[in-house]
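K.L.:
Below are the chains, spelled out letter by letter.
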Amino acid sequence: MQVPPSAGMDTFPQLLIRNAREWGDRPAYREKDLGIWQSWTWREVLGEVRKLSLGLKSLGCKEGDKVAVIGANRPHLYWVFAAVQALGGIPIPVYSDSVAEEIAYVLGHAEVRFAVVEDQEQVDKLLEMSEKLPLLEHVIYEDPKGLRDYDHTSLHRYLSVQEAGQTLLDNDEKLADDWFDAVSAGKSEDIAVILYTSGTTGRPKGVMLTFNNLVVAVQNANKFDNLDENADTVAYLPMAWVGDHVFSYAQCLTAGYCVNCPEGPETVSIDRKEIAPTYMFAPPRVFEGMLTHITVRMEDAGKMKKKLFDYFLNYANQVGERILNGEKVSLFERIKYAVGEFCVYGPLKNEMGFSRVRVAYTAGEAIGPEIFKFYRSIGLNLKQLYGQTESSVFITSQPDGQIYADTVGVPMPDVEVKIAESGEVMYRSPGAFLGYYKNDEATKDTKTEDGWVHTGDAGMFLENGHLKIIDRAKDVGKLTDGSMFAPKYIENKLKFFPNIKEAVTFGNERDYVCAFVNIDLVAVGNWAERNNIAYASYQELAAHPDVYKTIQSHVDQVNKDLSEEPMMAGAQIKRFLVLHKELDPDDGELTRTQKVRRNFVADRYAPLIEAFYAGETSKHVVTEVTFEDGRQGTIEATVEIRDMDTHSTKAMSAIGEAAE
Amino acid sequence: MTVMDPTLEEVKKRAEEREVLLDLENVSLSFGGVKAITNISFNIKKGEIRAIIGPNGAGKTSMLNVINGFYQPQEGVITFNGEKRRSMKPHLAVSQGIARTFQNVALFKGMSTLDNIMAGRATRMKQNLFWQMLYWGPAQREEIEHRKKVEEIIDFLEIQHIRRTPVGTLPYGLQKRVELARALAMEPELLLLDEPMAGMNLEEKEDMSRFILDVNDQLGTTIALIEHDMGVVMDLSDRVVVLDYGRKIADGVPEEVQSNPEVIDAYLGVSH
Chain A
1 MQVPPSAGMD TFPQLLIRNA REWGDRPAYR EKDLGIWQSW TWREVLGEVR
51 KLSLGLKSLG CKEGDKVAVI GANRPHLYWV FAAVQALGGI PIPVYSDSVA
101 EEIAYVLGHA EVRFAVVEDQ EQVDKLLEMS EKLPLLEHVI YEDPKGLRDY
151 DHTSLHRYLS VQEAGQTLLD NDEKLADDWF DAVSAGKSED IAVILYTSGT
201 TGRPKGVMLT FNNLVVAVQN ANKFDNLDEN ADTVAYLPMA WVGDHVFSYA
251 QCLTAGYCVN CPEGPETVSI DRKEIAPTYM FAPPRVFEGM LTHITVRMED
301 AGKMKKKLFD YFLNYANQVG ERILNGEKVS LFERIKYAVG EFCVYGPLKN
351 EMGFSRVRVA YTAGEAIGPE IFKFYRSIGL NLKQLYGQTE SSVFITSQPD
401 GQIYADTVGV PMPDVEVKIA ESGEVMYRSP GAFLGYYKND EATKDTKTED
451 GWVHTGDAGM FLENGHLKII DRAKDVGKLT DGSMFAPKYI ENKLKFFPNI
501 KEAVTFGNER DYVCAFVNID LVAVGNWAER NNIAYASYQE LAAHPDVYKT
551 IQSHVDQVNK DLSEEPMMAG AQIKRFLVLH KELDPDDGEL TRTQKVRRNF
601 VADRYAPLIE AFYAGETSKH VVTEVTFEDG RQGTIEATVE IRDMDTHSTK
651 AMSAIGEAAE
Chain B
1 MTVMDPTLEE VKKRAEEREV LLDLENVSLS FGGVKAITNI SFNIKKGEIR
51 AIIGPNGAGK TSMLNVINGF YQPQEGVITF NGEKRRSMKP HLAVSQGIAR
101 TFQNVALFKG MSTLDNIMAG RATRMKQNLF WQMLYWGPAQ REEIEHRKKV
151 EEIIDFLEIQ HIRRTPVGTL PYGLQKRVEL ARALAMEPEL LLLDEPMAGM
201 NLEEKEDMSR FILDVNDQLG TTIALIEHDM GVVMDLSDRV VVLDYGRKIA
251 DGVPEEVQSN PEVIDAYLGV SH
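From first to last, the protein sequence lines are chains A and B. The first sequence begins at 1 in my numbering and counts up one residue at a time. The second sequence begins at 1 in my numbering and counts up one residue at a time.
Don't read these hints as lab results, they were simulated from the structure. Treat the hints loosely; a few may be bogus.
[Claimed, not checked] Listed below are the simulated DSS-like cross-link pairs for lysine-lysine, each with C-alpha atoms no more than 27 Å apart in a straight line:
1) K273(A) with K46(B)
2) K46(B) with K145(A)
3) K148(B) with K145(A)
[Claimed, not checked] Here are the simulated distance ranges between beta carbons:
4) E158(B) with D170(A): 33 to 39 Å
5) G173(B) with V522(A): 16 to 22 Å
6) E628(A) with E25(B): 44 to 50 Å
7) V622(A) with L213(B): 35 to 41 Å
8) P171(B) with G482(A): 49 to 55 Å
9) E131(A) with E158(B): 27 to 33 Å
10) E158(B) with P134(A): 52 to 58 Å
Glycine residues also receive a C-beta, built at the ideal position from the N, C-alpha and C atoms.
Here chain A stands alone, though its shape is the one from the complex (with noise of 0.2 Å):
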């Protein structure tokens, strides 16, 4: 294929272009595909991409047309991005777990005219909306398995449409030159994605970004952590996340690196350790959920590895960090350093997959500073930043050597950050989002006019520079008394002991702070194990006595800490429970991104609640779940609710003292 000499880089089309010119025989895509791991040059991608969108075009579609992408990470999909864009088509990425209903709203507010889906159970979604979604003219699949026997009129395969696309291309010559034309007009103020926010309150927006906005933050980026061609990446987390719109895609096309799509969600661990990123990115959860996953497993090892992990990870804590970051270490230390590499820190990080790991990323929520450490002091360069959809991602980070376990680092190139006085923070950047697609109200909220956004967040600077996020703005309250009450920041703190999975704390204009606690099922189930406690579900296990006693002891520990942080003392938490099921995005009370909805789990459950206040020791409740075949059911329970001691504070006591 030829590939013409210049094609501009404002968009992602064009950058495409220039990959395939500059590094036509490297990686761009892999994905491994029945056992081994198929990989496309960047020549190869934009072949593909060039076919696809001749086939999209013969279909119709045309510029300001909405196409809507929905699956797992599958380079082929990644294609649509470009393909779409290539014709000045918008491309709308939908979380592919989504149910029926959510996925017709977001397609129906989009007034998509295309959706290119992965397989059998998202065309099924699309079928069942069919009538709700009169626009909605051509669903294309990628994976045929199941469709064989469907009706095929306005449903085509992926393959078809692509074949389409070539036969244009082989009957006129002059057609090839037309799309590269095509996509040299592409301008960079053009609306390049809009990515629907999942939203802890409402319905979600639908956030517009140029191409300007993603282009200019992820070459700051790029900048910032020295990402080039070489990098390799896994695609993993959801596509229609800005998260990884960002780190599969638009990064991806400017840096020209390498995205490697896993089997499955299943395999991702294993895929993970086959390929050993260098850029990696993952939310909390993921980077605990290892955790856990190599503590319950170094239980069961040999008396003699169990020694030498522990004697070494110790070791690391100690070091690691002060290594990692540059610090002046001793000849002996960095020795000592260099054999817990040889024989614990080494094999432990390519069993993770991060071997070859420059710079991971975590981010979305609050890391636990133990984990954080953790993986630190073996080596792995984590680092946190702060961001959202409507910033193109990029807020703030933490620059190398930088790294403070409870901020979220300084502004990145180009950021304006500031903190309103309502101790809002608010920016103004390059990647700032056009507005919200078909919302002007919630848009002029959101930005004001001179390019200021509100994040939502509430946080301050420290006197280092690093930006430190407290809580979300409209959840933080305060207690009858006054003092200040942040509800996710106790959160937090509770969720960063492994046994606790989720926590709500209640507490905005109420005498005192209550809070729910949903206990990890592998951590606890591993421990009952351990200690012969049967237990057939997960509501009995969260109502066995010694669990109420092990979270008793972390909500204690919880409240010390408080008390040693003056603004937060007066929010120590009174009274808990166990909740008898776990927080499900099935039932509405996680977001897709697994975030709580505050509001609507006070609602659900509000007869708790109600009894936390009334001063009840216990009370039976009766919830409605959704299946996962989405069937509805109840289940009923009746919860112990325990009361706890605070802590007096520190400076309390220092008065206390005086006094005497």
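Given the coordinates of chain A, assemble chain B onto it according to the supplied hints.
P.N.:
Frame of chain A, contents of chain B only:
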């Protein structure tokens, strides 16, 4: 797209139009004085899902063992693909295109999923042991070819994540799926499933049902299935044969069989 449920007549008509793949004529099997199967005749047609049901001890598994040549019936004739036979060794059944799974999982527990499925291809390998041990030239090419086929099955049954896991450590539902995979690796024309859903939870049953339908639909494999879960049987199968104490008491499409008083009698039991 809406799928209309076909009427009883349509279902019957469809069943009649199909070609007979396996025909059993007056088959009887006894162990000493115990009559396991008494004078049973029925057929299995190409491309259908045929259920064999009956209470415990009705002779269902014996029936499967007769079909795949593990038991030799004392009387009767079996015709498979137009070929009549009275007795046959199981490995011949395999080479003729009959594969099966077992009631209690019969996998090589210490071997990985991949190796277990690869074992299913053993009868299709042509190179001798010597060349296979050398793993060179034609033997290597053959192995790669078979490995590709195995990977397709792994993909089909969605068991990529346990490819390298020793099957002994897998949960029961997955072991059953691996067993199905091994049977599929033989690329059978007729697949015998002995209680594929026994001991499974609802979700696993749903998955398994999906896979059985997919195998039937996508690969065009004829399936004979023994199952106790009536919901599954009635939903999946095209025709059902009911056995009781080694006799055939009913044969037909699910709706017919369900309303047959003798079946209700034998299956659910009546108060006498």
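K.L.:
Does each hint hold? Answer for all of them.
P.N.:
We went through each hint and held it up to the structure:
no. : hint                             : in the structure
1   : K273(A) with K46(B)              : 45 Å, violated
2   : K46(B) with K145(A)              : 21 Å, holds
3   : K148(B) with K145(A)             : 18 Å, holds
4   : E158(B) with D170(A): 33 to 39 Å : 36 Å, holds
5   : G173(B) with V522(A): 16 to 22 Å : 19 Å, holds
6   : E628(A) with E25(B): 44 to 50 Å  : 46 Å, holds
7   : V622(A) with L213(B): 35 to 41 Å : 37 Å, holds
8   : P171(B) with G482(A): 49 to 55 Å : 54 Å, holds
9   : E131(A) with E158(B): 27 to 33 Å : 31 Å, holds
10  : E158(B) with P134(A): 52 to 58 Å : 34 Å, violated
Hints 1 and 10 from the list above are not met by this structure, while the remaining hints are.
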